[in-house]
Amino acid sequence: MFPFSQETHQFPYPDYSFMPHGYYYSPYFWSNGVFESEERYSLLAQQRLTFVLVHGSWADAHFWDNVAAVLRSRGHVVYTPEYAGHGKDPNKDVTHAMITKSVVDFITRLNLSNFVLVGHSFGGTVIQKVAEQVPDRIKRLVFWDAFVLKDGESVADELPPQTRQGFEQLRAGSKDDTIMLPFPLFRDLFVNTATLEEAKQMYAGVIPEPARPLFENLELKAFYDLPTPKSYVYFYQDNTLPQGEGFGWNPHMSTRLGQFRLIVGGGDHFTDTRTRPAMLAQKLYEAGRD
Amino acid sequence: MFPFSQETHQFPYPDYSFMPHGYYYSPYFWSNGVFESEERYSLLAQQRLTFVLVHGSWADAHFWDNVAAVLRSRGHVVYTPEYAGHGKDPNKDVTHAMITKSVVDFITRLNLSNFVLVGHSFGGTVIQKVAEQVPDRIKRLVFWDAFVLKDGESVADELPPQTRQGFEQLRAGSKDDTIMLPFPLFRDLFVNTATLEEAKQMYAGVIPEPARPLFENLELKAFYDLPTPKSYVYFYQDNTLPQGEGFGWNPHMSTRLGQFRLIVGGGDHFTDTRTRPAMLAQKLYEAGRD
Amino acid sequence: MFPFSQETHQFPYPDYSFMPHGYYYSPYFWSNGVFESEERYSLLAQQRLTFVLVHGSWADAHFWDNVAAVLRSRGHVVYTPEYAGHGKDPNKDVTHAMITKSVVDFITRLNLSNFVLVGHSFGGTVIQKVAEQVPDRIKRLVFWDAFVLKDGESVADELPPQTRQGFEQLRAGSKDDTIMLPFPLFRDLFVNTATLEEAKQMYAGVIPEPARPLFENLELKAFYDLPTPKSYVYFYQDNTLPQGEGFGWNPHMSTRLGQFRLIVGGGDHFTDTRTRPAMLAQKLYEAGRD
Chain A
1 MFPFSQETHQ
11 FPYPDYSFMP
21 HGYYYSPYFW
31 SNGVFESEER
41 YSLLAQQRLT
51 FVLVHGSWAD
61 AHFWDNVAAV
71 LRSRGHVVYT
81 PEYAGHGKDP
91 NKDVTHAMIT
101 KSVVDFITRL
111 NLSNFVLVGH
121 SFGGTVIQKV
131 AEQVPDRIKR
141 LVFWDAFVLK
151 DGESVADELP
161 PQTRQGFEQL
171 RAGSKDDTIM
181 LPFPLFRDLF
191 VNTATLEEAK
201 QMYAGVIPEP
211 ARPLFENLEL
221 KAFYDLPTPK
231 SYVYFYQDNT
241 LPQGEGFGWN
251 PHMSTRLGQF
261 RLIVGGGDHF
271 TDTRTRPAML
281 AQKLYEAGRD
Chain B
1 MFPFSQETHQ
11 FPYPDYSFMP
21 HGYYYSPYFW
31 SNGVFESEER
41 YSLLAQQRLT
51 FVLVHGSWAD
61 AHFWDNVAAV
71 LRSRGHVVYT
81 PEYAGHGKDP
91 NKDVTHAMIT
101 KSVVDFITRL
111 NLSNFVLVGH
121 SFGGTVIQKV
131 AEQVPDRIKR
141 LVFWDAFVLK
151 DGESVADELP
161 PQTRQGFEQL
171 RAGSKDDTIM
181 LPFPLFRDLF
191 VNTATLEEAK
201 QMYAGVIPEP
211 ARPLFENLEL
221 KAFYDLPTPK
231 SYVYFYQDNT
241 LPQGEGFGWN
251 PHMSTRLGQF
261 RLIVGGGDHF
271 TDTRTRPAML
281 AQKLYEAGRD
Chain C
1 MFPFSQETHQ
11 FPYPDYSFMP
21 HGYYYSPYFW
31 SNGVFESEER
41 YSLLAQQRLT
51 FVLVHGSWAD
61 AHFWDNVAAV
71 LRSRGHVVYT
81 PEYAGHGKDP
91 NKDVTHAMIT
101 KSVVDFITRL
111 NLSNFVLVGH
121 SFGGTVIQKV
131 AEQVPDRIKR
141 LVFWDAFVLK
151 DGESVADELP
161 PQTRQGFEQL
171 RAGSKDDTIM
181 LPFPLFRDLF
191 VNTATLEEAK
201 QMYAGVIPEP
211 ARPLFENLEL
221 KAFYDLPTPK
231 SYVYFYQDNT
241 LPQGEGFGWN
251 PHMSTRLGQF
261 RLIVGGGDHF
271 TDTRTRPAML
281 AQKLYEAGRD
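Each protein sequence line maps, in turn, to chains A, B and C.
Read in order, the letters of the first sequence correspond to residues 1 to 290 in full-length UniProt numbering.
Read in order, the letters of the second sequence correspond to residues 1 to 290 in full-length UniProt numbering.
Read in order, the letters of the third sequence correspond to residues 1 to 290 in full-length UniProt numbering.
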């Protein structure tokens with residue numbers, strides 16, 4: 001691969017974009033045991049993909065801003081639909097079906113197809129239901145530290161008893177059937193690897209979450225019949241749910257997907273969208289590519 | 001953040017120290033997907049904290065020497081109390097209560113308050129009991145691959161049957177009710193990532209451990225009523241206990257803390273105190289900061 | 001350690017090779033929290049070892065080519081025996097005993113002793129049986145994401161029901177009692193971190209695997225009486241088996257070894273043999289050294 005010349009870098013796949021000059025590797029660079037690393041991938045040419053990124057609870061479409069910017073800079077097309085009860089929507093009285101409809105309508109209105117559908121956290125339940133409605137448009141499903149519910153389950157069913165009880169108290173104490181995360185809980189469970197400043201900046205964007213969809217039992221028989229390829233991205237510092245002893249993202253919920261591609265990273269539930277968007281973008285790409 | 005000027009680097013928190021000139025980042029540096037990394041944090045200004053570091057079994061206060069040096073170099077205040085039956089104490093006939101008293105006396109004699117109390121390994125049981133006695137002095141509890149015992153449990157109760165049996169045999173074979181780790185066990189379970197030289201150097205500091213406190217059942221009802229914030233630092237190459245199937249540091253014992261901040265690193269049980277003290281110091285800082 | 005002089009670098013172990021000039025560290029380099037890293041080990045002098053590397057299913061001795069090259073470049077002696085039913089052997093009608101015999105014969109013919117015996121995947125069951133037959137020749141057993149079967153078990157017994165059923169269908173559909181991996185399964189479970197090109201290159205070397213040995217129940221009482229030191233290398237992106245809830249490499253099967261040295265890396269089941277051979281070689285070295 002060194003020295004660089006256009007001829008020797010021809011890829012057999014026409015939909016590949018090339019990396020900019022100066023960002024190629026010599027074979028020496030990544031075979032001497034010191035510089036070889038997972039990061040080398042981020043410098044290689046990437047297959048061009050279309051991503052539809054579906055955020056989770058206590059977030060809106062801006063959750064993806066930095067990650068989407070990195071993905072676009074690498075040649076991908078990125079959509080970040082916002083759904084009912086979130087962002088600037090003043091109506092908090094929403095159902096899971098309304099949320100799903102927001103995303104399905106977004107996809108059909110723009111006539112999107114052959115895309116990688118990514119769900120984060122609660123967004124996992126959303127892409128499960130979206131996949132049931134527009135399966136033929138989806139190239140691959142990617143769950144990033146996301147709920148994969150069993151048929152008939154609710155998100156609340158996957159919370160440890162103590163957490164579920166806490167959420168029920170916060171819900172009961174609200175005027176509009178929402179749940180607001182107290183800062184100490186957000187700081188320790190959602191942005192545990194962040195600095196205090198980063199935590200505060202991210203908390204400034206958190207607004208009360210409609211409670212009902214978190215407690216709705218979802219019918220998911222059709223989801224479990226879909227042959228759509230699936231991936232799971234797991235960040236090992238994510239502690240919003242305990243990881244093991246009957247709870248957690250991976251392997252507890254991920255294995256419900258049957259055959260799936262696992263990609264693991266070192267982040268937490270929210271922080272890396274702000275502080276390491278390129279790392280996160282790379283993990284989503286590794287999960288989504290052919 | 002580039003170019004550097006004092007004005008644009010003002011932090012809103014007066015107790016923050018500034019990083020030295022030349023160690024700041026340009027936004028480009030950590031947003032291009034190559035250089036962005038967890039290590040960037042170690043170069044950012046740190047909130048000044050006071051740490052009280054409590055060692056575990058087969059160790060004394062020198063266990064923390066390198067880590068304490070790094071923490072101090074970053075502006076923190078660090079104390080490393082040694083407790084009964086350890087270090088130069090010739091008396092091995094100690095109880096868990098005597099060990100706890102050593103640390104409580106250290107804290108009250110120096111009139112320490114608002115500190116981060118860190119326990120490693122067996123030291124986890126010590127900070128559980130210390131926290132019961134001086135809760136108002138403690139800012140946050142940090143368990144690093146440390147026992148979090150249930151009310152009424154002993155350390156021995158958390159050992160796999162084979163390990164417990166081995167410890168009981170070593171105890172029975174001693175003249176003074178102590179347990180000495182054979183080198184092969186120490187090398188494979190405590191310093192598995194070390195070179196042989198590093199392993200031997202560290203083993204040279206290991207002396208027989210008083211056995212009784214490891215088999216004492218501790219009353220911990222008061223601990224589980226404490227509202228003190230808690231963190232757990234887990235190193236994923238630590239194999240002193242099997243991690244799963246009903247045993248281990250995280251999530252098996254960590255989740256007993258209820259809501260806690262998880263920080264994960266790549267080390268083992270002992271080695272990084274010698275070979276990567278800055279990494280370990282950074283993880284303890286991330287666990288301890290506000 | 002700086003500046004360099006031959007005298008100050010004398011190691012007490014005569015069988016240690018020295019690193020080349022220019023590859024030593026200053027203490028500053030690895031104590032400032034930025035450059036200190038696990039990779040530093042790969043630059044330190046290594047104890048010279050003899051490795052016998054035993055591949056797994058859907059692979060042959062070439063599986064180890066790049067890793068063996070790295071290990072040899074660091075001064076180690078490496079053997080990569082191929083066994084019955086694999087590589088150029090046209091006979092697919094083999095038993096587990098025939099496979100074991102291939103490796104035992106290789107070892108005795110070359111009169112190898114004091115070597116580190118490494119098994120990958122299905123190769124774990126092979127080194128379990130080989131160790132029973134030539135225990136005195138083996139310095140240490142290293143399992144890398146490898147089966148550690150209980151006495152009386154088969155590999156199939158350790159597969160999740162869905163995977164086992166899939167393998168039984170593929171077996172039933174073959175003409176010669178073999179199992180061929182479909183590309184989508186290979187791509188998502190065996191080389192999940194690879195690029196599509198790397199996945200295709202590696203798949204080009206995959207041929208149908210004799211099915212019978214995967215379903216044979218192995219008598220392993222003698223194995224569990226061996227005092228041979230043991231290590232387990234676990235790569236946390238390896239998802240050929242789900243990791244938890246009663247399945248998986250570590251801790252599910254690794255803990256059957258009793259006392260063992262754990263080494264963890266970030267790779268998957270196959271990819272790193274091609275893309276990060278130096279990282280993999282280093283992990284095998286860390287698992288195998290004294």
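These aren't lab readings, by the way, just hints derived from the structure by calculation.
Do not rely on the hints blindly, as some may be mistaken.
As the list claims (entries may be wrong) - Output of the computed footprint for chain A on chain B, the stretches with three or more beta carbons under 8 Å from beta carbons of chain A:
#1 248-256
#2 259-272
#3 280-290
Keep in mind it's a predicted model, so treat the numbers as computed, not measured.
Think of the CB as a built atom: it goes at the ideal place given N, C-alpha and C, for glycine as much as any other residue.
Here's how the hints hold up against the structure:
1. 248-256: Satisfied; 5 residues make the cut.
2. 259-272: holds (count 6)
3. 280-290: holds (count 3)
Against the hints set out earlier in the document, no violation occurs for any number.
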